[in-house]
Structures are given as C-alpha cells and as structure tokens.
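Chemist: Okay, here's what each chain looks like letter by letter:
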Amino acid sequence: MNIHIPTPLRAYTGGLETVSIPGATVTEVFQQLTITYPELKQHLFTAEGKLRSFVNVYLNDDDIRYLENKEATTVQSSDELTIIPSIAGGSSANASYNDLCPANC
Amino acid sequence: MLRIHFDDYEALRAHGQETYPHECCGVLLGKTTPGEDNSEAINHVHQIVRAGNTRTDSAHNRYNIAPGELIKIQRQARALSLDIVGFYHSHPDHPAQWSPTDFAEAHWLGCSYIITAVEQGKAVLTNSFLLSGTTEDDKKFEDEAIQIDIAPSLAATAQHNQKGQE
Numbered sequence: 734m735n736i737h738i739p740t741p742l743r744a745y746t747g748g749l750e751t752v753s754i755p756g757a758t759v760t761e762v763f764q765q766l767t768i769t770y771p772e773l774k775q776h777l778f779t780a781e782g783k784l785r786s787f788v789n790v791y792l793n794d795d796d797i798r799y800l801e802n803k804e805a806t807t808v809q810s811s812d813e814l815t816i817i818p819s820i821a822g823g824s825s826a827n828a829s830y831n832d833l834c835p836a837n838c
Numbered sequence: 465m466l467r468i469h470f471d472d473y474e475a476l477r478a479h480g481q482e483t484y485p486h487e488c489c490g491v492l493l494g495k496t497t498p499g500e501d502n503s504e505a506i507n508h509v510h511q512i513v514r515a516g517n518t519r520t521d522s523a524h525n526r527y528n529i530a531p532g533e534l535i536k537i538q539r540q541a542r543a544l545s546l547d548i549v550g551f552y553h554s555h556p557d558h559p560a561q562w563s564p565t566d567f568a569e570a571h572w573l574g575c576s577y578i579i580t581a582v583e584q585g586k587a588v589l590t591n592s593f594l595l596s597g598t599t600e601d602d603k604k605f606e607d608e609a610i611q612i613d614i615a616p617s618l619a620a621t622a623q624h625n626q627k628g629q630e
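The listed protein sequences derive, respectively, from chains A and B.
When we follow the numbering used here, the leftmost residue of the first sequence carries the number 734, and every step to the right adds one.
When we follow the numbering used here, the leftmost residue of the second sequence carries the number 465, and every step to the right adds one.
Chain A on its own, in the form it takes in the complex (with noise of 0.2 Å):
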C-alpha cells in the first residue's frame, strides 16, 4: 500500500513523499516501513514502542485511533496510509501585549 510521507519525515526516506510498503495490517506496515526506512522509527513512535502523541495517521480518511481495530485493522494494498503531524500552538495565555511588546515593537 502506499505511504504518504510528510515534508519533515522526506529527509529519511530518499526525498520520496510516497512509499509503497507491503502488509496486511496497519502495524504490519509500520514494521515494514520502519524495517525499510530505519531512521523513521524514532520519528514516529517512543522509546516505548508507542505512536507519538502528535504523529496522526489517517487510513484513506480515517484517523487509525477511532477506528474498531485501531492499529490491528487490516488493510489492501489499494489502501492509503497517511502520516501527518499535528498543528496547533497559539499566544501565551496570561501575558499581555504590553508586557512582552515594547514601544518599539
């Protein structure tokens, strides 16, 4: 199936944004993609094995964490996985303009 990779992920996986990796599960394919593309691992998953809590991983259009089987879902090869990290962030919640932007600002 194939793996659509992110800009930041590209540098560990020859410049490609799209991978082709065998396996009948989502876990199988990570295993394979991280077997393929070793440097990937620390990327996408902790020191304990697990997803990174910003790392989303979209089968076709669904998000891997609501789906029945989670990670255990069985997948075809005409299947798109995808990984996108998470974007969020937004100004410091208790400080004023004033205080962090001087006149000159």
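Treat each hint with caution, since some may be false.
One-sided excerpt, in silico: chain B residues whose CB lies under 10 Å from chain A [said to hold, decoys possible]:
no. : residue
1   : Thr518
2   : Asn525
3   : Ile529
4   : Glu569
Simulated from the structure, these hints should not be mistaken for laboratory data.
Think of the CB as a built atom: it goes at the ideal place given N, C-alpha and C, for glycine as much as any other residue.
For chain A, the structure is supplied; the task is to place chain B on it using the hints.
Modeler: What follows is chain B alone, placed relative to chain A:
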C-alpha cells in the same frame, strides 16, 4: 529564508484581521529549495490555504488545524506538485513572536511558521520562524527573513492575458 508573493502575504494578514479577536490559521504550499554553499534553504510559498481553527474553546489565544483538514490540504498540494512548506497563524493583541505553546506544538521540522500580530483588529507586525533541528529534542525556532515578491504572480498574469484576449 521564506519567499512569498505580496498578494499571499497580504492575504494571510487580512485573514488575521477577519478572525480577530480570534486566531486565524492556514497552510503554506510551495517548494523548498536547498541552500547551496552554506546558504540557507528557501521555503518558497506558491499558495496559501486558509484553515479552520478548531480551538473554539479558547480561540483568542490558541489554534489547531484538524488533522482531517490537513490531509485534504496535503492532497491538494500533491495534486499541484507542491509540498507543505509552512503554516501561519495570528496573535490577537499579542506580539508576532512565537510562544512556549507555539514551540511545544511545532513538529514540522524545516518548515516556516509565520505569525502576525493583530492589534485591535489591525494586522501590524508579521514575522517568520524556521523550525530547525533534526528531532524533537534539538528543535528550535530561528528568526527567518521574509522575501516578498511584488511582481505579478504567474496566475495573475495568465488571468490578465486571458482577459486581454477576450
């Protein structure tokens, strides 16, 4: 360095004014040109895409783009042979400086993070920060120069030419 067309630059600043007093957010699509001879890489923006802020509980000082929307934007980029090269958001009544929250939630290494300060509804300063480093452990935000192109974009030129032929 970040390179962006004036129209896109103004559009992302206007987005921050429209959503004031809430934070706006969006995605920068383009191409990254590797630096040569120790020069820095260039994140060249070809298109900006507005995104919804899902942090409706605290939209005045937080933003989040739903992963499902990001997936669609990434597909859009792929169809255009472009990449996600960065993101933008606004800081209502707050400086155009990254916050601890911005840093903690930044995970796209090599991408540009544009922040526009919107003061009393008016966009003031806009800054860009490059998320450099190789892992979550050594990542850092670096001040990033913004090159604003003022020549007509290719799309605008093509549209203009088309109108001229009608």
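Chemist: Under 10 Å, Cβ to Cβ, is where isoleucine 529 of chain B needs to be relative to chain A, so tell me if that hint holds or is violated.
Modeler: Cβ of isoleucine 529 of chain B sits 4 Å from chain A, so the hint holds.
Chemist: Holds or violated: is there a CB of chain A closer than 10 Å to the CB of asparagine 525 of chain B?
Modeler: holds (5 Å)
Chemist: Double-check threonine 518 of chain B for me: the hint is only fine if its C-beta lies closer than 10 Å to a C-beta in chain A.
Modeler: holds (9 Å)
Chemist: Against chain A, run the beta carbon of glutamate 569 of chain B and see if the smallest gap drops under 10 Å.
Modeler: This interface hint holds because 4 Å falls under the 10 Å limit.
Of the numbered hints given earlier, the model fails none.
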